[in-house]
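**Student:** Here is how the chains run, residue by residue.
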Amino acid sequence: MSELGEKPVRILVALDASRRSVRALDLAAALAARRNAELVALVVENVNLFNLAELPFAMEIDCMLGVERKVDPSSMMHSMQLCISHVREMLAQLSSSKQVQSSLTVVRGHYMREAISAASEIDVLFLGQAPYRAGYSLKTSGTKEEKRTADLQMPVWALFDGTETSKRALTLAGDLAHSEHRRLMIALQADSGKDVGRLRREAAAHLGDIKFECRGITNTAAGIADLLEIIKREGAALVVTDRQYGEKADEILKMLLEGIECPVVVVA
Amino acid sequence: MSHQPLDAGQLFRPCAVETLAFNTTEELEDVDIILGQERALDAVRFGVGIRAGGYNIYALGPAGTGKLTAIKEIIKQEAARLPIPLDWCYVNNFAHPGKPKALRLPAGYGAGFQQDMRRLVEDISTAIPAAFEADEYRSRVDEIDDSAKERIADALNELRKEAESQRIMLLETPTGFAFAPMDRANEALSPKEFKELPEKEQKRIQSAVSELQQNLQDILRRFPAWRKETRERIKELNREVVRFSVSHLIDELKNKYADFKEIIEYLDAVQNDLVENADEFFPGHETSPFAGLTPAGAGSNPFLRYRVNLFMDHSQSQAAPVVYENLPNHTNLIGRIEYRAHMGTLLTDFTKIMPGALHRANGGYLILDVRKILQQPHAWESLKRALQAGEIRIESLEQSLGLISTESLDPESIPLDVKIILVGDRLLYYLLNFYDPEFGDLFKVAADFDTLMERDGESTLLYARMIGSLARRELLRPLDRGAVARVVEHGAREAGDAEKLLTHLRSITDLLREADYWAFVAGHPVITSVDVQQAIDHQIRRADRVRERVYEAIQKGTLLIDTDGEEVGQINGLSVVQLGGFAFGQPSRITATTRLGAGKVVDIERETELGGAIHSKGVLILSGFIASRYASERPFSLAASLVFEQSYGMVEGDSASLAELCALLSSLSAIPIKQSIAVTGSVNQLGRVQAIGGVNEKIEGFFDVCRARGLKKQAVIIPVANVRHLMLKRELVEAMEKGLFNVYAVEAVDEALEILTGFSAGQRSDDGKFPEGSINARVEKRLLEYAEKHDRRKKQEDGNSNHE
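Going down the list, the sequences are from chains Z and P. At position 149 of the first sequence the residue is numbered 149 (the numbering used here), and the sequence of numbers has no breaks. At position 191 of the second sequence the residue is numbered 1191 (the numbering used here), and the sequence of numbers has no breaks.
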């Protein structure tokens, strides 16, 4: 990934073909428009689904009707193509409306692996994998306006451990929170209480006038689990982090993606 | 045979000014302007007082008699004694929105209740959204929501774990879920890898996948029920929130209206509806796009259905209502449901129910003009239906007639307790009595208003006071006693009877107004007899165009009327022409011809269908008289023709029968009739002369014609029974005083014949014969000749017949 400045040159939004997140695509397009950046959409076809489709006993249970349906490679291919054409249409619309240069790439593989791999030359990676259907909200109360208001109350989260890359993530989180008119929440990844104070001061100094709130978590995988609990309580519209997790990056990002119901943005 | 004309004093009964003991009507006390109507007023008082069903009133009499004024006066007094009726409100019926409920409250409470409900709605419209916006509420909803989510996630996760324990993974496809066997890297096995597995393992996997699929289906099938359960929990939470938010507000009202069971029930219904429809009160709740199209029409604001339609408000009433409905159509009587146009449809709700006259008069009195109500389609039927049912049911005419079947409101009926007073003419009363079998049951009291009162000293004074009261009421100048006397005389003349006075209020008022105008023109401070006379003269002048033309035609000889000389079989009859409110007398030439015949008098008017039934009856009667008097013992071999010369319209009435008889007898006797005399009167079969109508106009009509040609002792013969009706105009009386004109009153046809011919009529002597040369003798002789000729001809015809 290249250095993230005021104008990142490339933004990648990685979408799972079968669990695509429209919101991630929206956010990525909006950021690309503000930064005059190129938007690259990567659609990942889950290779496991194609393996499944070739099995002789492959069956699918319709999530709406609960009925069994035979699955074969051609029907799976057809479904995937529908998903990809849908993404292509959305991307074209966004490119046109936001005056953004964009491109679309389709690969078959494992979502997280392909996304991280494709992001090597990218400044900002939007991970757009929709939550499992089992997690869909069941709330029956409230109007559209109310839901919109409730959604706007969801903050933008940034993970901050004081490193330079996490500062870039903090900068982007501040930018996204401001443009979306959202609160900024910072998860301070500290090893001790003393570090929390220091990180808070550093974040304040880095953000200048931007207001924020902080929550402290440990700088471990367990800390990510704690963060998921906090987000579950307080909500999140977006989580911005850097790629500080090394070999465990895939696993931790996967944890984040599956633990929350919002896109995750990874800053190089 | 000497017949004396009437004295001039018998032609006009003046009102002696000296009997009026006042200078102007200013000095007279007010009196009830409705005079001489004791019978009718007693009936009205009885009808108004009795509260039993069906004792509604029909006030019958000519228009302008003051019926309405009298009735309103009586009812006003009676209404003050009655309690003020209940207030009525229409409110939403939550169980059946198409059938709004009617709530009753003591007078004056309705407005307060409406205001209380308005405040309640204001309070709950802020209290409920505030409760839903509270963090506590959001937290509880989130708890329910999360718990439901977790339940589903747990079920799927459990299944996922179970699958993973069998080395099978749960995959999410674009449209659902699927299971696939896992490799060591926890990825789905490729087909090649699967084929390389031992057959036993393959079977195990297939079996496990099949079982997992079954389990997944079971879980998915439970999702809708779980979602429903969650929705129910949230709904119940909403109910609790609303119940908590509104109960204390509603309890306050229930305490206030604790004595009114209907109100308590309604408030309970309001609370239940609020609780059951709690979802509608979320801030910014999105209603169905069709919400405004529902019959309730509450539109997008769910609180509107808790409004109160204050249907009848008696908060300002001081007495029971007295209502006069000027346009008594179906809608104005029983109320209506209004609609508003919205996107090409018509919408309504309980707030658009509007009262009719029956509602407004409920608990009091409703006055209706019977002619107007009968002219309005189905209004009469609607009124009767309400009275019979004892309740007012609002439904459109189209619905009553079954012309439309679209859904509309069916408001709860309101009990009816009203006294109806119909005002109308006599003809309609008798027609309704005859043709409407329900009329008698519903209108048991007839108040019959007369237009006449007796004329004597006491009543004349009362009449004077009434004139004074009318002048004050109409803000006119006072009348001096001369003017009052002239009004009294005119009242007698208009009554057509010197011993009666006209009590037709409108005519008297009009005369007073016009006299006041002429007093103003003349600069008189009070109305004088000259002003009254001028008013009378101008009333006549404005209306007498036709009379002038008729008299002009007579004067110029276009209409042939002789006023001197003598003619056989020709006589001047008198008729009255009524044009609107003006009547005048017109002389008509009647001629008779006689010849041998079969005993039939031909009434040419009847033969040409220009004669009415009564006129024909008169002709038959005189025919019977001639036959019985002159040909009782021999064949009546007369053929006669009678005609009103130059008459081109209908002739009706029998007042010319005396004249016709005289003309016939003149023709038979060949004795000429004096053309200077006109005759009016009817005769019976015995030759007695009977009273007729319009005697004053008839005499004056002939007088005017004679005066134009020069008065030469012309005369009019009238029945004795009509002498009491004479109120002739001043010029005629003066002419009579000077001996230039005469009026004779007769009791029998013989008297009239003698005056008309100068011959003796002759009385039958003991030998059964009339005196030689008398009129009757000549007539009898002529008829005998006819009978003999008839016998000879018959014998001759019989002989010819036998010879053949």
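Hints listed in this document are in silico derivations from the structure and should not be mistaken for laboratory results. Keep in mind that the hints are not guaranteed to be accurate.
[Said to hold, decoys possible] Using 30 Å as the maximum straight-line C-alpha spacing, the simulated DSS-like pairs for lysine-lysine come out as follows:
no.: 1; chain 1: Z; residue 1: Lys-70; chain 2: P; residue 2: Lys-1101
no.: 2; chain 1: Z; residue 1: Lys-232; chain 2: P; residue 2: Lys-1149
no.: 3; chain 1: P; residue 1: Lys-1261; chain 2: Z; residue 2: Lys-254
no.: 4; chain 1: Z; residue 1: Lys-232; chain 2: Z; residue 2: Lys-211
no.: 5; chain 1: P; residue 1: Lys-1617; chain 2: P; residue 2: Lys-1372
no.: 6; chain 1: Z; residue 1: Lys-70; chain 2: P; residue 2: Lys-1195
no.: 7; chain 1: P; residue 1: Lys-1674; chain 2: P; residue 2: Lys-1600
no.: 8; chain 1: P; residue 1: Lys-1099; chain 2: P; residue 2: Lys-1261
no.: 9; chain 1: P; residue 1: Lys-1261; chain 2: P; residue 2: Lys-1101
no.: 10; chain 1: P; residue 1: Lys-1203; chain 2: Z; residue 2: Lys-70
**Student:** Are the Cα atoms of P:Lys-1674 and P:Lys-1600 separated by 30 Å or less?
**Tutor:** 26 Å, holds
**Student:** Sort out whether P:Lys-1149 lies within 30 Å of Z:Lys-232, counting only the CA atoms.
**Tutor:** Holds, because 12 Å separates the two Cα atoms, which is no more than 30 Å.
**Student:** For the pair supplied as a hint, P:Lys-1617 and P:Lys-1372, confirm whether the alpha-carbon distance does not exceed 30 Å.
**Tutor:** 37 Å, violated
**Student:** Would you mind confirming whether the straight-line C-alpha gap from Z:Lys-232 to Z:Lys-211 stays at or under 30 Å?
**Tutor:** Holds - the C-alpha atoms of Z:Lys-211 and Z:Lys-232 are around 22 Å apart, at most 30 Å.
**Student:** Given the hinted pair Z:Lys-70 and P:Lys-1101, is their alpha-carbon gap at most 30 Å?
**Tutor:** Measuring from Cα to Cα gives roughly 60 Å; hence the hint is violated.
**Student:** Is P:Lys-1099 close enough to P:Lys-1261, meaning Cα to Cα at most 30 Å?
**Tutor:** Satisfied, since the Cα-Cα distance of roughly 19 Å is no more than 30 Å.
**Student:** Is it true that the CA of Z:Lys-70 sits at most 30 Å from the CA of P:Lys-1195?
**Tutor:** 19 Å, holds
**Student:** Given the hinted pair P:Lys-1261 and P:Lys-1101, is their alpha-carbon gap at most 30 Å?
**Tutor:** OK: P:Lys-1261 and P:Lys-1101 at ~14 Å, within 30 Å.
**Student:** P:Lys-1203 and Z:Lys-70 were given as a pair; does the straight-line alpha-carbon distance stay at or below 30 Å?
**Tutor:** 18 Å, holds
**Student:** Does the structure keep P:Lys-1261 and Z:Lys-254 at a Cα separation of 30 Å or less?
**Tutor:** 66 Å, violated
The structure fails to meet hints 1, 3, 5 from the earlier list, while all remaining hints are met.
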